[in-house]
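Could you put the whole structure together from the sequences, leaning on the hints where they help?
Each protein sequence line maps, in turn, to chains H and B.
Each step along the first sequence adds one to the number in the numbering used here, with nothing skipped, and position 26 is 26.
If you want the numbering used here, it's the position in the second sequence, counting the first as 1, plus 306.
No lab work stands behind these hints: they were computed from the structure.
It should be emphasised that the depicted structure is a prediction, and the values quoted were computed from it without experimental measurement.
Incorrect hints may have been included.
[To be verified] To spell it out: a stretch of chain B is covered by chain H in this simulated footprint if at least three of its residues, at any positions, have a beta carbon under 8 angstroms from a beta carbon of chain H; those stretches are:
hint, stretch
1, 401-409
2, 428-434
3, 437-450
4, 512-524
[What the hints assert, rightly or not] Which chain H residues stay away from chain B? Per the calculated CB distances, all over 12 angstroms, these:
hint, residue
5, V51
6, T61
7, N95
8, G144
9, L148
10, L168
11, F171
12, L197
13, V198
14, F209
15, R211
[Stated by the list, open to error] If you anchor each label on the Cβ, the simulated ranges turn out as follows:
hint, chain 1, residue 1, chain 2, residue 2, range
16, B, S344, H, N98, 44 to 50 angstroms
17, H, E199, B, E358, 57 to 63 angstroms
18, B, T346, H, S296, 58 to 64 angstroms
19, B, R546, H, L80, 29 to 35 angstroms
20, H, H165, B, G449, 27 to 33 angstroms
All C-beta atoms in this analysis are idealised placements derived from N, C-alpha and C, irrespective of residue type, glycine included.
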Amino acid sequence: MARASVAEQRAAWILLSPFVLAAVVFFLYPLVESARLAMTQSFGANATRPVGMSNFSSVLTDPIFWIATQNTVILTAASLLVVLPMSLGLALLLNRPNLKCRALYRLVIFMPQMVGLVFAGFIATVFFAKDTGFVNQLLTQIPGVNTLLHNLFGFDVQFPWLDRHVLLTVFIINLWLWVGFNMVYFLAALQSVDKSLVEAATIDGAGPFQRFKNVTLPAIKSVTAFVFLLAFIGSMQLFELPYIMLNGDPPQNRGVTIVWYLYQQGFEIDDLGMASAVGWILGIVLIGAAFVQFASARHESREARL
Amino acid sequence: MNSRTRRIAAAWPHLILLPLSIVMITPIIWLIAAALKSQTDFFEYLFFPTTENGWMIDFSRLTTQHITNLFGTAGMGRALANSCFLASTVAVLGSFCAAAGGYALARLRFKWAPFVTALVLGLLIIPPPLLLAPTYKLMFNLGLLDSYGAIIFPMIAPAFGVFLFRQATLQSVPRELIEAARVDGMGELTIFMNVALPLLRPMIGAFMIIMFLATWNNFIAPQVFLHSTDKMPLAVAVSRLRGVYYQDYGLQMAAALVSIAPPLLLFLLLQRDFVSGLTSGAVKG
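Now the structure itself:
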């Protein structure tokens, strides 16, 4: 390889300067600063005093933090265990040969992703409203539903979606928003699976389930891991959806998530130190998950090469 | 089994996909109806007001009153303009700078290349909420609070974009082409502008949409870094409508419709590029 010319080196730095500058000023410096802030008590951006590790113990002994953690974990688990398998199932359906209207289905199922978390949450406040919302109105119009629900569960169709069952409602909206997004990744992966492998397995007498388990699933493993990681990281950082749906004011901390708790600490109580401590607790979990994923992906690609 | 029954049997995926598609699109249809219904019709009809026989939309009962109010008394025109400005600025600047960085990492030889590549990968795994509090303090110290700089500067060359463009360059800008341009006496920056950029055009289109949407739907940054009402983009302005127009559901839903219409239109026009750009990082083509 020829030695890099001076002109080439200089061009590289010019082209990379926006990235390097933004990375140092707006990512690396705040990262270091957040470690320092996490060990201070601060009121707004100015007044700070060092308090050692006490922010961390305050966070970890705050019952609201644990409610937030519980809510976040429930929503994350629901997303990984329900939304992802559904996305894969839909991708398998859309990947069937000779399916009519494939592009139209993909379009319609993906479309909610464009709505965005904030606007979806905002629409949900009217859509799921207890007395007048679309969902409860629709349920009333189905004959018999009113009495049936009343006898079975003891509630009327004025189902309190937002006031009492906000996690369920967030989950439903999450499903609506993300099922198509994940499906698109799975579908792209399925379309790149070598068709001759599937055919060979069919000739060898493998049934549809065996073909899926032994041929398709291993072939889409890396994309599955990637989508899994994206969904995990995204759900763990959930904030806007419940925040907007509850108008920033959670009834008895129902619907508070970890990032919402961070926001409360940093920008409602104005303690940037506490907010940074929460950030590090969450950050360590997420960075750990990313490392596990990178390590296993690297391990696999090394095995594949051998 | 004759061919007809077989054809019907093969259609079973539609039994799942068709109802599901209807459910997926229902909130959007409902939203359009809600934004166009008068206050009296709002709870009277589930969707659109219908004519006597119940099967046709009664267009004469639809109203654009909410949309007029939205841009008049509610002042949402300003928020719409702010959103358009922020999202397109970030889309154009972010894509250009990310393309420049990705190209340099993939094809130019310089001493610190491994270090910068590690920086890109490292930034990818930092969760944004971790940086929220220190960035607030930084913006305060830089005097950028309540200015668009606080929104735009951190997004100027996202690591995610640099990474995508690095992969795209490796795939679609052949080294020989660059060498040939050098032999022809082209300068390094001219090569990037005139040789590499045109080859990266599909990825630039996809990434511009990704950045546009990310900024358009970003709530937390403007909520935390901006203070003046007249600087707020739609995501924040719309979320605050409920405080003022408490019971005016028609106006609220008109605001939501106006807010999601540009991303939806953009998506419908460019969905092929967008989806392929989205998945290109994860699925090896």
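Checked hints:
1. As drawn, the stretch 401-409 of chain B meets chain H at 5 residues by the rule of a beta-carbon pair under 8 angstroms; at three or more, the given contact holds.
2. For the stretch 428-434 of chain B, the assignment as covered by chain H holds, since 6 residues bring a beta-carbon within under 8 angstroms of that chain's beta-carbons and 3 suffice.
3. Counting residues of the stretch 437-450 of chain B whose CB lies closer than 8 angstroms to any CB of chain H gives 10, which reaches the minimum of 3, so the coverage claim holds.
4. Residue count for the stretch 512-524 of chain B with a Cβ under 8 angstroms from a Cβ of chain H: 3. That meets the three needed, and the coverage hint holds.
5. Every C-beta of chain B lies more than 12 angstroms from that of H/V51, the closest at about 15 angstroms, which supports listing it as non-interface.
6. With a closest Cβ-Cβ approach of about 20 angstroms to chain B, H/T61 is found to remain outside the 12 angstroms limit, as its non-interface label requires.
7. A cut-off of 12 angstroms between C-beta atoms contradicts the statement that H/N95 is not in contact with chain B; the least separation is 10 angstroms.
8. Interface exclusion of H/G144 from chain B stands, the closest Cβ pair being 18 angstroms apart, more than 12 angstroms.
9. The beta carbon of H/L148 sits about 20 angstroms from the closest Cβ of chain B, which is more than 12 angstroms, so the claim that it is off the interface holds.
10. No beta-carbon of chain B comes within 12 angstroms of the beta-carbon of H/L168; the shortest separation is about 16 angstroms.
11. Consistency note on H/F171: stated as away from chain B, and its beta-carbon is indeed over 12 angstroms from all of that chain's, at 15 angstroms minimum.
12. Every CB of chain B is more than 12 angstroms from the CB of H/L197 (nearest about 16 angstroms), matching its label as outside the interface.
13. No Cβ of chain B comes within 12 angstroms of the Cβ of H/V198; the nearest lies about 17 angstroms off, and the non-interface call holds.
14. Distance check on H/F209: its Cβ is at least 16 angstroms (rounded) from any Cβ of chain B, clearing the 12 angstroms threshold; non-interface status holds.
15. Every CB of chain B lies more than 12 angstroms from the CB of H/R211, the least distance being 17 angstroms, so the non-interface label holds.
16. The hint said 44 to 50 angstroms for the Cβ distance between B/S344 and H/N98, and at roughly 47 angstroms that hint holds.
17. For the pair H/E199 and B/E358, the supplied restraint of 57 to 63 angstroms holds, since their beta-carbon distance comes to about 58 angstroms.
18. Look at B/T346 against H/S296: about 60 angstroms separates their beta carbons, and that is inside 58 to 64 angstroms.
19. Between B/R546 and H/L80 the C-beta distance comes to about 33 angstroms, which sits within the given range of 29 to 35 angstroms.
20. For H/H165 paired with B/G449, a C-beta distance near 45 angstroms fails the hint of 27 to 33 angstroms.
Checked against the numbered hints listed earlier, the structure breaks hints 7, 20; every other hint is satisfied.
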